[in-house]
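J.: Sequence:
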Amino acid sequence: MYNCNVIITYNYYDKQFKENNEKQNIDLTLIDCEDMTIDISETLYRAELLGVFGLEEFDDKVINLEVMNLCSQLSAHTEFAGLMLKAAAKMLSEDLCTGLMVLFSYDSFFLLHRCICEFLKTGIISAENLNNIKI
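Here numbering that gives the first Met the number 0 is used: the first residue of the sequence shown is 0, the next is one more, and so on.
Treat the hints with caution; some may be incorrect.
Unchecked claim - Derived DSS-like pairs: lysine-lysine, alpha-carbon spacing no greater than 30 Å straight-line:
{"hint": "1", "residue 1": "K89", "residue 2": "K120"}
{"hint": "2", "residue 1": "K60", "residue 2": "K89"}
{"hint": "3", "residue 1": "K60", "residue 2": "K120"}
{"hint": "4", "residue 1": "K85", "residue 2": "K133"}
{"hint": "5", "residue 1": "K133", "residue 2": "K89"}
{"hint": "6", "residue 1": "K120", "residue 2": "K85"}
{"hint": "7", "residue 1": "K60", "residue 2": "K85"}
{"hint": "8", "residue 1": "K120", "residue 2": "K133"}
{"hint": "9", "residue 1": "K133", "residue 2": "K60"}
As the list claims (entries may be wrong) - Beta-carbon label-pair distances, calculated as ranges:
{"hint": "10", "residue 1": "M90", "residue 2": "K60", "range": "15 to 25 Å"}
{"hint": "11", "residue 1": "N2", "residue 2": "S104", "range": "14 to 24 Å"}
{"hint": "12", "residue 1": "Q72", "residue 2": "A126", "range": "18 to 28 Å"}
{"hint": "13", "residue 1": "S74", "residue 2": "N130", "range": "31 to 41 Å"}
{"hint": "14", "residue 1": "E93", "residue 2": "T8", "range": "25 to 35 Å"}
{"hint": "15", "residue 1": "D59", "residue 2": "K89", "range": "19 to 29 Å"}
{"hint": "16", "residue 1": "A126", "residue 2": "I39", "range": "10 to 20 Å"}
{"hint": "17", "residue 1": "A126", "residue 2": "D58", "range": "18 to 28 Å"}
{"hint": "18", "residue 1": "D58", "residue 2": "N4", "range": "16 to 26 Å"}
{"hint": "19", "residue 1": "E56", "residue 2": "I123", "range": "30 to 40 Å"}
{"hint": "20", "residue 1": "S74", "residue 2": "S125", "range": "30 to 40 Å"}
Worth flagging that the hints you see were computed from the coordinates, not collected in a lab. Positions of the beta carbon are idealized from the N, C-alpha and C atoms, including for glycine.
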């Protein structure tokens, strides 16, 4: 079962996300990790991705089963289904579940998590969250 209690933080440690936020004058408290030899954002991304699936180590069977379950639920949301279809097109596919897997990528996972959690808790996805993740 998808864990909405996981707080996604990897994007706050990513230099590119940090620069984009500074350009937009978004006031965030960000830790400067530029001098660290290990890329914290990638390590956190992997840990947080596993965390939402309730895993401590990668298990493709568990992840695929949960993504299929989420895909089934999220495809009922017309606008989000369209988003999954656009994401699938990046992989030359029309499969909604493939599109959802694409949205779990590093560049969009932190935004996807907000949409999934909002949908699972309320049955809706706000216009703000949809606009943030649009491809």
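J.: Would you mind marking each hint as holding or not holding in the structure?
T.: Tested hints:
1. K89 / K120: holds (29 Å)
2. K60 / K89: Distance of about 23 Å is within 30 Å: holds.
3. K60 / K120: holds (25 Å)
4. K85 / K133: holds (9 Å)
5. K133 / K89: Within the cut-off at roughly 13 Å; holds.
6. K120 / K85: Satisfied, since the Cα-Cα distance of roughly 25 Å is no more than 30 Å.
7. K60 / K85: holds (25 Å)
8. K120 / K133: This hinted pair holds, its Cα atoms lying about 21 Å apart.
9. K133 / K60: Distance of about 28 Å is within 30 Å: holds.
10. M90 / K60: 15 to 25 Å: Holds: the Cβ-Cβ distance is about 21 Å, inside 15 to 25 Å.
11. N2 / S104: 14 to 24 Å: holds (19 Å)
12. Q72 / A126: 18 to 28 Å: holds (19 Å)
13. S74 / N130: 31 to 41 Å: violated (20 Å)
14. E93 / T8: 25 to 35 Å: holds (34 Å)
15. D59 / K89: 19 to 29 Å: holds (20 Å)
16. A126 / I39: 10 to 20 Å: violated (32 Å)
17. A126 / D58: 18 to 28 Å: violated (35 Å)
18. D58 / N4: 16 to 26 Å: Because 19 Å falls inside the window, the suggested range holds.
19. E56 / I123: 30 to 40 Å: holds (34 Å)
20. S74 / S125: 30 to 40 Å: At roughly 18 Å between Cβ atoms, S125 and S74 fall outside 30 to 40 Å, so the hint is violated.
Hint check: violations occur at hints 13, 16, 17 and 20; the rest are consistent with the structure.
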